[in-house]
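Chemist: Using the hints, position chain B with the ligands against chain A.
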Amino acid sequence: MINWKVLLSISRTHLLSRIRQSGIAALGVTFGISTFIILVSFMTGLNQLLDGIVLDRTPHVHLYNEIAPSERQPVDLLEGLENSWNVVRSVKPRLSQERIPNALPILAYLRRHEAVLGVTPQLKVNGFYLAGSIPLSGILNGIEIANEIELFNLDDYVVEGDPLLLERIDNGILIGAGAAAKLSVGVGDRVQVRSAQGEVFPLKIVGIYQSGLAEIDDVQSYVSLQTAQQIEGVGTNYITDINLKLKHIQQAPRFARRLAAQFGITAVDINTANAQFETGTFVRNLITYAVSITLLVVAGFGIYNILNMVIYEKMNDIAILKATGFSGRDVKYIFMSQAVLIGLAGGLLGLLAGHLISVLIDHTPFETQALPTVTTYPVNFNPLFYLIGLGFALVATFFAGYLPARKAEKIDPVDIIRGQ
Amino acid sequence: MSYVLEARHIDKYFYEPVEFHVLRDISFRMRRGEFVSVMGKSGCGKSTLLYILSTMDTAYTGELYLNGELLTGRPQPELARVRNAHIGFVFQFHYLLPEFTVLQNVMLPAQKLARKPQEQIRQDALDKLELLGIADQAHKLAYRISGGQKQRVAIARALINEPDIIMGDEPTGNLDSTNSDNVFRIFRDLCDTRGLSLLMVTHDLDFANKTDRILEMEDGRIIDGNEE
Ligand SMILES: Nc1ncnc2c1ncn2[C@@H]1O[C@H](COP(=O)(O)OP(=O)(O)O)[C@@H](O)[C@H]1O
Ligand SMILES: [Mg+2]
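Residue numbers (the working numbering), protein chains in the order written: chain A, 1 to 420; chain B, 1 to 228.
Same shape as in the complex, but just chain A (with noise of 0.2 Å):
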């Protein structure tokens, strides 16, 4: 039976008769664990801020057409050919359009499913925009507005003007931020746009926008799905993209193959797309947690010097207190719970440091081009990460008390008393 009460009370006293040392050690500690804080809540709102961006823009599934050859050549069909060994040269892609076919069943299909948050159809045009007599090329977004806000947040990029007048007025544009400069326009100007077809639409610019990529900027804009259809003459079924927004996003890579199964179009899904994005949270976190492991075992060290040297003083502490009836295993708890102390006293005084530091860079101004709705540093204030750094502080402490605790454990009474 352990009777923490007096060995803590001993601790105690140890600890207080000596609370610079004691301060100094707990201070290795704080140190650590409000590096290990500061680093891991910038760098994961870094990571939510940059993975934030993909996500808000990028769609769960993403359905096209692709321009491909067949798979099947017509070689392939021949009878009497199946199982020789076909070479086909100089395959050229089938002939076909860009459009979904039977996009509107399809859309209806999936707005219907449960699975399914929301759905947008986009019409992809390629154009030019005329500034006097040079033509810049350009792509137009035909979209629905108001889903496109819901679904992907296109209006937290949207710098300038309203874009929902997109579907108020006819022949509106949201004009990519680049485009905009070279064209010395702004909004309520108009901006002539040739088709592929060469014809000449005048379009009313109604917002700007900027991704903050600069290529997409320079050539992206966005009009209403109904103006795009005009621009390349087509009839109101033909529509070239779906972007889906799943309830779930871990359904994507199995929701997408099931619609490319199903529809027979090319669908892909956010992970297939944005691999890279998970190496660099990968390497942040790992930048992370090894600063931070590296500061704490330095702490752990500090703490392991001191507590040998309070053992080394305290060999008279310790035989008295064997020969009064406390057990090895006693005095051990009594050098541990000294480390455990320290290390909690050093952990919550550097989960406030860490804390407050964080607010500090919370609020510290941030602005630039790339990313127009961010004002300040990205922080993010994650329970998770408090616990995490607490249990990183006794667990380091733990390890530096344990070896002093025992060596103090072993110590002979005998050989200290008749010592004197």
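Everything labelled a hint here was simulated from the structure, so no lab data went into it. Note that the structure is a prediction, hence the values are computed from the model and not measured. Each hint should be verified, as a subset may be incorrect.
[Stated by the list, open to error] Straight-line Cα separation of at most 35 Å, DSBU-like style, residue types lysine-lysine; simulated pairs:
1) A:Lys5 / A:Lys332
2) A:Lys124 / A:Lys247
3) B:Lys41 / A:Lys410
4) A:Lys5 / B:Lys116
5) B:Lys210 / A:Lys407
Modeler: Relative to chain A, chain B with the ligands alone:
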């Protein structure tokens, strides 16, 4: 007749720096309430014997009984419990925990034993300090009191769990004659009025002559004082 302490054929060797037979076939018994002193030349093995009798040293052959129960061969944690509950120990040097108050020093063994509530332990400790005439020092830190006072605190601590026996290794060896007389009178009194059993190693013949029996040691043997 009940014996509080009994040693049977205790032998002990040291192997460092050279093999040395320090205790040779030590056998003796102590009756309950007896005040026994151990005398002998320096280096004859008195301290070594006392460490074995107090259960702190277990590297010996032979048998050791406390209240008729065999202690030899028991595991360390159990021996710690025996020391805590049944044996009080007073050293030559005043072994107190310097950062604790006098009162805390006296209370610790009782808190470890945890047989009584905290308030009761505190009261007992104050009573023991009162008994030894140093109640006024109770709240001082242990390193701030004089040598004679420290030794009395150590005795109060040895008494706190009402042990069966108190052992001392030259408990007055480090005190002037006034303090030394004082401490002896306290022991004599504890023996006479409370029936405590005492086993004290001493160099002081006056001290020894006033005890009930003297065990005389020479070269690791008991040569005189064993009753037949
Ligand atoms: N740890 C030890 N290792 C080797 N020899 C020791 C050790 N402790 C004591 N001795 C020797 O054992 C003998 C008895 O010592 P001790 O019991 O302290 O004598 P006393 O207390 O009677 O003066 C002495 O000769 C001493 O040198
Ligand atoms: Mg001695």
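Chemist: Would you mind marking each hint as holding or not holding in the structure?
Modeler: Taking the hints in turn, this is what the structure says about them:
Between A:Lys5 and A:Lys332, the direct Cα distance comes to roughly 15 Å. Compliance with the 35 Å bound is thereby established for this hinted pair. For the hint pairing A:Lys124 with A:Lys247, the CA-to-CA distance comes to about 26 Å; that is within 35 Å, so the pair holds. Taking the CA atoms of B:Lys41 and A:Lys410, the gap is near 32 Å; set against the 35 Å cutoff, the hint holds. Distance restraint check for A:Lys5 and B:Lys116: the Cα-Cα separation of roughly 14 Å lies within the 35 Å cut-off, and the hinted pair is therefore satisfied.
Of the supplied pair hints, the one linking B:Lys210 and A:Lys407 is violated, its CA atoms being roughly 43 Å apart against a limit of 35 Å.
Against the hints set out earlier in the document, a violation occurs for number 5 only.
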